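Produce the complete structure using the sequences and hints provided.
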Amino acid sequence: MPTTPNFEVTGIPLLPGENKIVAIVLENDVEGASSNQIVIERDNVAPKISLSSPDDNAMISGSEVTVSGKTDPDIDVQLRNDTTGTIESGRSSKNGTFDLTISVRNGSNILVISASDVAGNGGEKRITIISSSDTGLVTIDVNPGTIILSKPNRSFRVTARATGPDGSPVVSVCVQFTLQLTGLPIQQTSATSPCIVSDTNGRASWEYTIPDTFDTVGQGLVMVSYVMPVGDPLEETTRLYVKKQP
Numbered sequence: 102m103p104t105t106p107n108f109e110v111t112g113i114p115l116l117p118g119e120n121k122i123v124a125i126v127l128e129n130d131v132e133g134a135s136s137n138q139i140v141i142e143r144d145n146v147a148p149k150i151s152l153s154s155p156d157d158n159a160m161i162s163g164s165e166v167t168v169s170g171k172t173d174p175d176i177d178v179q180l181r182n183d184t185t186g187t188i189e190s191g192r193s194s195k196n197g198t199f200d201l202t203i204s205v206r207n208g209s210n211i212l213v214i215s216a217s218d219v220a221g222n223g224g225e226k227r228i229t230i231i232s233s234s235d236t237g238l239v240t241i242d243v244n245p246g247t248i249i250l251s252k253p254n255r256s257f258r259v260t261a262r263a264t265g266p267d268g269s270p271v272v273s274v275c276v277q278f279t280l281q282l283t284g285l286p287i288q289q290t291s292a293t294s295p296c297i298v299s300d301t302n303g304r305a306s307w308e309y310t311i312p313d314t315f316d317t318v319g320q321g322l323v324m325v326s327y328v329m330p331v332g333d334p335l336e337e338t339t340r341l342y343v344k345k346q347p
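Under our numbering, think of the first position of the sequence shown as 102, with each following residue one higher.
Keep in mind the hints are simulated off the structure, nothing from the lab.
Bear in mind the structure is a predicted one, so any value in this text is a computation, not a measurement.
Even glycine gets a Cβ: it sits at the ideal position worked out from N, Cα and C.
Careful: at least some of the hints might be erroneous.
Think about it this way: if two alpha-carbon atoms lie no more than 30 Å apart in a straight line, the pair counts; the simulated DSS-like pairs of lysine-lysine are [to be verified]:
#, residue 1, residue 2
1, K149, K195
2, K149, K171
3, K149, K226
4, K195, K121
5, K195, K171
6, K195, K226
7, K171, K226
8, K252, K344
9, K252, K345
10, K149, K121
Restraint-style ranges between C-beta atoms, simulated for each label pair [unchecked claim]:
#, residue 1, residue 2, range
11, S204, K121, 46 to 52 Å
12, N120, T184, 41 to 47 Å
13, Q320, R227, 48 to 54 Å
14, V272, S209, 20 to 26 Å
15, T184, R255, 48 to 54 Å
16, Q320, G186, 47 to 53 Å
This is how it looks when you write it as C-alpha cells:
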C-alpha cells in the first residue's frame, strides 16, 4: 500500500460491455473495507453506417453530390472523395441522420463515408458515383403552341420527356411545369404545376387553361424541371404564343 491515502492502479483489463469495479483493502491477506462500486462500459463496437442516397454506382449530373444516411447519434462523420482528395466533415444529428455535400469530377468518383464515436471506434462505407458533363436531355411539346383569344377553348397541354446522361428515361422523379406569361392573375406573371411524377418512359404532362379575363397578346415561356435525386435538375424551356385572331 502507498504511504498516502491516494493510490492509482493501472492496467485493469476490461471486458466488452459493462464492467463493475470495486477496490478492496487487503491487510495481512485479509479483506478489509471496500470502496463504492463504479461501472465502466467498454465500447468496442464500430458505428454502423447506412446510406439513403445516392445508391452505389449512381450516375449523376453536376459538380457536387449530397450523401445522406444514418449512423450513431451525435458523432463525427466525414465524407472523403478518394478520387480528388476532397474532404468534408460534419456531425450526425440526435437521431443519427447526416447530410454532407462534396464536389465531384467528371467520371467515376470513389466516396468514403466514415464515422467515429467518443470511444474512438470507427466505421466506414464506400460507394462509387459517376458524374457526367452530359446533363441529359428534356424535350417539350406544347399542344396547341398558339392560344387564340377569340376562341372559347384556351386550354393547352404540355408533355415533357427526359433522358439521363446514359440515355435512359428519367423515371419516377418530380417534374414541375411553370408558365410565365405577362398578365396572368396567378402570382401576377406565372403559374406553376404541382409535382407530377414521370412515368416509365420519362414522360410527364400538365394541362392549363388561360383564364377568360386574360387578354394580353404576345408570347410566354413554358419551363420544365425534372428534380433529380442527386445533382442538378434537368431543365428546358420553350415558347407559347398568344394571338387575338388565327
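So which of the earlier hints does this model not fit? none
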